[in-house]
Amino acid sequence: MTNRSLFLQILLLVAIVLFCLFPFYWMVTTSLKDQVVALASPPVWTFAPTFDNYIEALFEDKVGASLINSLIVAVSTTLLALVLGAPAAYALARFEFRGKRDLWFWFITNRMVSPIVLALPFFLIVRSLGLLDTHLVLILIYLTFNLPIVIWICTDQFRSIPRDLDEAATLEGASQFRIFRSICLPLAAPGLAVSAIFSFIFSWNELMFALVLTRTAAKTAPAIAVGFMEGYNLPYGKIMATSTLIVIPVIIFALIASKQLVRGLTMGAVK
Amino acid sequence: MRMKSAVRGLALGAAASLSLSAGQAFGWSLEEAAKPYAGTTVDVVFLLRPGYEAAEEMLPEFEAATGIKVNIIKHPYENALGEQVRDFVAGGDLDIALIDLVWIGNFAENEWIVPLEKFTSNPDLADPELDIDDFFPLVLNAFGAWNDTVYGLPFDNYSGLMFYNSCMLKEAGFDGPPKTWTELKDVYGPALTKDGKYAFALQSKRNETQSADSFARVLWPFGGSFLDKDFKSNLLSEESQAGLKFRQELMQYMPEGIVAYDHAETVNALAQGDVAMITEWSAFYSTLTSPETSKLGDCFGVAPEPMGPAGRKPALGGFSLAVASQADEDEQAAAYLFIQWVTSKANAKRYLDMGGVPARQSVYKLPGVAEQYQFVDALVESWQDGVPEFRPRFAEWPEITEIVQEWGTKIMLGDVTTEEGAAELGKRMEAVLEEAGYYAGEKPLAQ
Amino acid sequence: MQAGRVSRLTVFGFLGPAVLSLALIGIVPLVFAIYTSLHKYQLTNLRRTPFLGLENYQTVLSDPSFWDAMQRTMTLLVIVLPLQLMIGMGIALLLHRPGLGFLKTLTRLSLVVPMATTYAVVGLLGQITFNLKYGVVNQLIGFLGFDPVNWLGDPTNAFITIAFWDVWQWTPFCALVLLAGLTTVPGEIEEAARLETKKWWTILRHVQLPFLIPGLTAILILRTADTLKLFDMVFTLTRGGPGSSTELISLLIQRVGFRVFDQGLASAQAIILLIITILLSQLYIRLIYREVEQ
Numbered sequence: 027m028t029n030r031s032l033f034l035q036i037l038l039l040v041a042i043v044l045f046c047l048f049p050f051y052w053m054v055t056t057s058l059k060d061q062v063v064a065l066a067s068p069p070v071w072t073f074a075p076t077f078d079n080y081i082e083a084l085f086e087d088k089v090g091a092s093l094i095n096s097l098i099v100a101v102s103t104t105l106l107a108l109v110l111g112a113p114a115a116y117a118l119a120r121f122e123f124r125g126k127r128d129l130w131f132w133f134i135t136n137r138m139v140s141p142i143v144l145a146l147p148f149f150l151i152v153r154s155l156g157l158l159d160t161h162l163v164l165i166l167i168y169l170t171f172n173l174p175i176v177i178w179i180c181t182d183q184f185r186s187i188p189r190d191l192d193e194a195a196t197l198e199g200a201s202q203f204r205i206f207r208s209i210c211l212p213l214a215a216p217g218l219a220v221s222a223i224f225s226f227i228f229s230w231n232e233l234m235f236a237l238v239l240t241r242t243a244a245k246t247a248p249a250i251a252v253g254f255m256e257g258y259n260l261p262y263g264k265i266m267a268t269s270t271l272i273v274i275p276v277i278i279f280a281l282i283a284s285k286q287l288v289r290g291l292t293m294g295a296v297k
Numbered sequence: 212m213r214m215k216s217a218v219r220g221l222a223l224g225a226a227a228s229l230s231l232s233a234g235q236a237f238g239w240s241l242e243e244a245a246k247p248y249a250g251t252t253v254d255v256v257f258l259l260r261p262g263y264e265a266a267e268e269m270l271p272e273f274e275a276a277t278g279i280k281v282n283i284i285k286h287p288y289e290n291a292l293g294e295q296v297r298d299f300v301a302g303g304d305l306d307i308a309l310i311d312l313v314w315i316g317n318f319a320e321n322e323w324i325v326p327l328e329k330f331t332s333n334p335d336l337a338d339p340e341l342d343i344d345d346f347f348p349l350v351l352n353a354f355g356a357w358n359d360t361v362y363g364l365p366f367d368n369y370s371g372l373m374f375y376n377s378c379m380l381k382e383a384g385f386d387g388p389p390k391t392w393t394e395l396k397d398v399y400g401p402a403l404t405k406d407g408k409y410a411f412a413l414q415s416k417r418n419e420t421q422s423a424d425s426f427a428r429v430l431w432p433f434g435g436s437f438l439d440k441d442f443k444s445n446l447l448s449e450e451s452q453a454g455l456k457f458r459q460e461l462m463q464y465m466p467e468g469i470v471a472y473d474h475a476e477t478v479n480a481l482a483q484g485d486v487a488m489i490t491e492w493s494a495f496y497s498t499l500t501s502p503e504t505s506k507l508g509d510c511f512g513v514a515p516e517p518m519g520p521a522g523r524k525p526a527l528g529g530f531s532l533a534v535a536s537q538a539d540e541d542e543q544a545a546a547y548l549f550i551q552w553v554t555s556k557a558n559a560k561r562y563l564d565m566g567g568v569p570a571r572q573s574v575y576k577l578p579g580v581a582e583q584y585q586f587v588d589a590l591v592e593s594w595q596d597g598v599p600e601f602r603p604r605f606a607e608w609p610e611i612t613e614i615v616q617e618w619g620t621k622i623m624l625g626d627v628t629t630e631e632g633a634a635e636l637g638k639r640m641e642a643v644l645e646e647a648g649y650y651a652g653e654k655p656l657a658q
Numbered sequence: 002m003q004a005g006r007v008s009r010l011t012v013f014g015f016l017g018p019a020v021l022s023l024a025l026i027g028i029v030p031l032v033f034a035i036y037t038s039l040h041k042y043q044l045t046n047l048r049r050t051p052f053l054g055l056e057n058y059q060t061v062l063s064d065p066s067f068w069d070a071m072q073r074t075m076t077l078l079v080i081v082l083p084l085q086l087m088i089g090m091g092i093a094l095l096l097h098r099p100g101l102g103f104l105k106t107l108t109r110l111s112l113v114v115p116m117a118t119t120y121a122v123v124g125l126l127g128q129i130t131f132n133l134k135y136g137v138v139n140q141l142i143g144f145l146g147f148d149p150v151n152w153l154g155d156p157t158n159a160f161i162t163i164a165f166w167d168v169w170q171w172t173p174f175c176a177l178v179l180l181a182g183l184t185t186v187p188g189e190i191e192e193a194a195r196l197e198t199k200k201w202w203t204i205l206r207h208v209q210l211p212f213l214i215p216g217l218t219a220i221l222i223l224r225t226a227d228t229l230k231l232f233d234m235v236f237t238l239t240r241g242g243p244g245s246s247t248e249l250i251s252l253l254i255q256r257v258g259f260r261v262f263d264q265g266l267a268s269a270q271a272i273i274l275l276i277i278t279i280l281l282s283q284l285y286i287r288l289i290y291r292e293v294e295q
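Residue numbers (the working numbering), protein chains in the order written: chain Y, 27 to 297; chain E, 212 to 658; chain D, 2 to 295.
A hint or two may mislead.
In the DMTMM-like style, the derived pairs of lysine to aspartate or glutamate whose C-alpha atoms are separated by at most 25 Å in a straight line are [stated by the list, open to error]:
{"id": "1", "chain 1": "E", "residue 1": "Lys381", "chain 2": "E", "residue 2": "Asp485"}
{"id": "2", "chain 1": "Y", "residue 1": "Lys88", "chain 2": "E", "residue 2": "Glu272"}
{"id": "3", "chain 1": "E", "residue 1": "Lys506", "chain 2": "Y", "residue 2": "Asp60"}
{"id": "4", "chain 1": "E", "residue 1": "Lys506", "chain 2": "Y", "residue 2": "Asp78"}
{"id": "5", "chain 1": "Y", "residue 1": "Lys88", "chain 2": "E", "residue 2": "Glu268"}
{"id": "6", "chain 1": "E", "residue 1": "Lys285", "chain 2": "Y", "residue 2": "Asp159"}
{"id": "7", "chain 1": "Y", "residue 1": "Lys88", "chain 2": "E", "residue 2": "Glu467"}
{"id": "8", "chain 1": "Y", "residue 1": "Lys88", "chain 2": "E", "residue 2": "Glu382"}
{"id": "9", "chain 1": "E", "residue 1": "Lys285", "chain 2": "Y", "residue 2": "Glu82"}
{"id": "10", "chain 1": "E", "residue 1": "Lys285", "chain 2": "Y", "residue 2": "Asp87"}
{"id": "11", "chain 1": "Y", "residue 1": "Lys88", "chain 2": "E", "residue 2": "Glu264"}
{"id": "12", "chain 1": "E", "residue 1": "Lys638", "chain 2": "D", "residue 2": "Glu197"}
{"id": "13", "chain 1": "Y", "residue 1": "Lys88", "chain 2": "E", "residue 2": "Asp359"}
{"id": "14", "chain 1": "D", "residue 1": "Lys134", "chain 2": "Y", "residue 2": "Asp87"}
{"id": "15", "chain 1": "D", "residue 1": "Lys134", "chain 2": "E", "residue 2": "Glu503"}
{"id": "16", "chain 1": "E", "residue 1": "Lys280", "chain 2": "Y", "residue 2": "Glu86"}
{"id": "17", "chain 1": "D", "residue 1": "Lys134", "chain 2": "E", "residue 2": "Glu382"}
{"id": "18", "chain 1": "E", "residue 1": "Lys280", "chain 2": "Y", "residue 2": "Glu82"}
{"id": "19", "chain 1": "E", "residue 1": "Lys285", "chain 2": "Y", "residue 2": "Glu193"}
{"id": "20", "chain 1": "E", "residue 1": "Lys638", "chain 2": "D", "residue 2": "Glu56"}
{"id": "21", "chain 1": "D", "residue 1": "Lys134", "chain 2": "E", "residue 2": "Asp485"}
{"id": "22", "chain 1": "Y", "residue 1": "Lys88", "chain 2": "E", "residue 2": "Glu289"}
{"id": "23", "chain 1": "D", "residue 1": "Lys134", "chain 2": "E", "residue 2": "Glu630"}
{"id": "24", "chain 1": "Y", "residue 1": "Lys88", "chain 2": "E", "residue 2": "Asp485"}
{"id": "25", "chain 1": "D", "residue 1": "Lys41", "chain 2": "E", "residue 2": "Glu294"}
Keep in mind that the hints were calculated from the coordinates and are not lab data.
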């Protein structure tokens, strides 16, 4: 009985792992195939790998530069979202003021606006400011979906910190800012970490704004990958090589942070 | 250094027909003409297609000779229109417009592009060897001109051709490809569709491919058209319906899921020996003959598209380059010099050898060209009697093509009958044209 | 109680930067979008942009393609969301059980991979793996004795394909959120319950569920909002085809705005979509998430 259930458990876990990883595996192997092998029918599982796709992607199509662009944008916007979002979340969790609930909801609403509606207005505004094709524009615009996430997760996180701590500090005459910085912020680390992870992933993967608002200098990696999709010729190997290059860094980052992910994703459940 | 204005006056308008003016050419050279513009950068959108790679390879020579820097921004076809429209609307950086023939009405009416006359009439810029009559008249007219004004010079040029697998045809007892569409369907279709192989594939994905390669392709040879002479829908006419019904019947000889086939899938199906015949753009010649991308080898064959009851009327498509009006004077001049150079008679052979398809008549008459490139005869023939309005080229096409794409695929999938689909399509198409003011007489009925 | 009372200046000091920046970045373009939605704003013909009042909105509300796309989006939502929740819950419960430490760590790490994969890349991957001829999926089901399926060329199958990839990508997210929720259940309560009953269902329903509510609400809101604006993956996978079978609402808006260039109509569509999204989220919050109101 227990043996059977143990066996079943192992089977299920292995199935989950395979389910999650198989597409990734297929992406990596396809990236090592040349065009004829990639389009073989039925697909082949063993073949002589080639790195031509990577060489072409990195040296001819400037995927390397676009990865750096993605990195600059994702890191900056994440930091900015944390700096702006954490104090706001603290205020929403701790202070009493009118319209608090509406304000919280307004923050969250920004996450719901479809980027398609904002893309063209942004384009025209950014264009008139002469900021088209710059990192700064993406960094700022990505705040529209990162800031809500940071505020959401962190508000819940701050709320789960017992109030006795800062009440004691208030009695000792500490300023709100000191309580926030020295007492609550360290305790909210898991929430900050999780919102940072999500901000980073969302920004790294964003496509719509990147397509519309960048051209060459600030073009991010997903925009480059989609640009290879010409109905005339689908270089599957190269597309998968580029995809692998895009996905690997964010997966590594997410794996490193995955412990935090489970600790901080409690979305405000009372501890 | 520059010619005096009096001389310029004399040369006005003459540049267009200067093919025998080599004698006057002593004063003109690209280097001299470009001198005032050295250091200028011109921005242009390129596609990821063979003709553009060829031009990119040739580019260093132009830059070395002129000191003009050409900044290429690459986009897939499906994004190229949106990218350019947004740039022009916002007064952006593009100095050259890349114009698919169906965009020309739009670009011209918005005055985003400059009539060529401005440059050809300027002897400082106009190459005496320009010889504009050397372009296939149909191609120049369809790709580069709108309302009798020439804006762009044909750069990346296509005509529909039939590519086939002669070995599969031979095996089934055919000496050559079908001459007519009906023959293709009734004789070749049943004979070649068996054992998981199909006689034919017609790229029909729901994007411009559906409009240009699939829908329009069956409309014209059967005598149909999008619009009648009053600009009302002609899709319910007997001829148009015959074409659309023909496509439905032909589908039994095509692979499953043909509505998801774009060019790449279709060409690959022929290249891998899964279908016997396709009708595709001339530009795929190199893909289908290269052993790296095709298994066909000696089995490769090319012919003009089959004829319909109304004649051949093959698919027509291609791109011209025109100077963008948002560019400043220097950029405009530099842009023109590049366009003139890359489409020139002198460069046509090299462009062809590198994988491009020039629209210069002279290059196809050169000795050896027709032997080296099997597609030449078929191409030249199809550029004799094509239909410029194969797809209407007016400003409203971007809106209308979306309707054609949606309802064209719905018809193919059997969601609606050809009549229902055509009726709905016609209704929506007319609504767009109504709003544009064609029926109120605000706009000339030009397509 | 008294800890919450602070001066307005302090409140502003904490909230001001976030509010101001989001207002600037988020509201200005939205106002512009509202402006265009009230005009004929055809990008390829900006010489004429007459004021239309609510005509664009009328057009949208009476346009069958808008409602078809909306229906498709909702269908996708009601198919994938329960699947993601149920499978995610199953995975979370499995991982929450003691034992098999290494394998569970490996599973938890694997779950991160789909979640982190770029959405556009997921679509590209889908194109390759679900291709009728050279796709590995048809090969795999062939091993099991099934005939190849025309995944991307058939309307229903194409819809199933995008549903599959959405489930692949977001089930792990649900699993991790729910797993995090399970860890918040105090150990002594859970153990006491386990002494009383062996039925996992009873424990889930009466002991664990209350702790999962915040996570569930978050999932509902986030997944609903994200499905309503789902674009990248479908765009790279099917571009809305074949026919209109996978043209979700955001693909329709993108097509109208960026391919037909009717920015006025597209804005009206997007604003109606936004209103629907907000209403749905409010509903979720009213129904289950009362914490903020305390």
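Check each numbered hint against the structure and report the violated ones by number, ascending. 7, 8, 12, 13, 14, 19, 23 and 24
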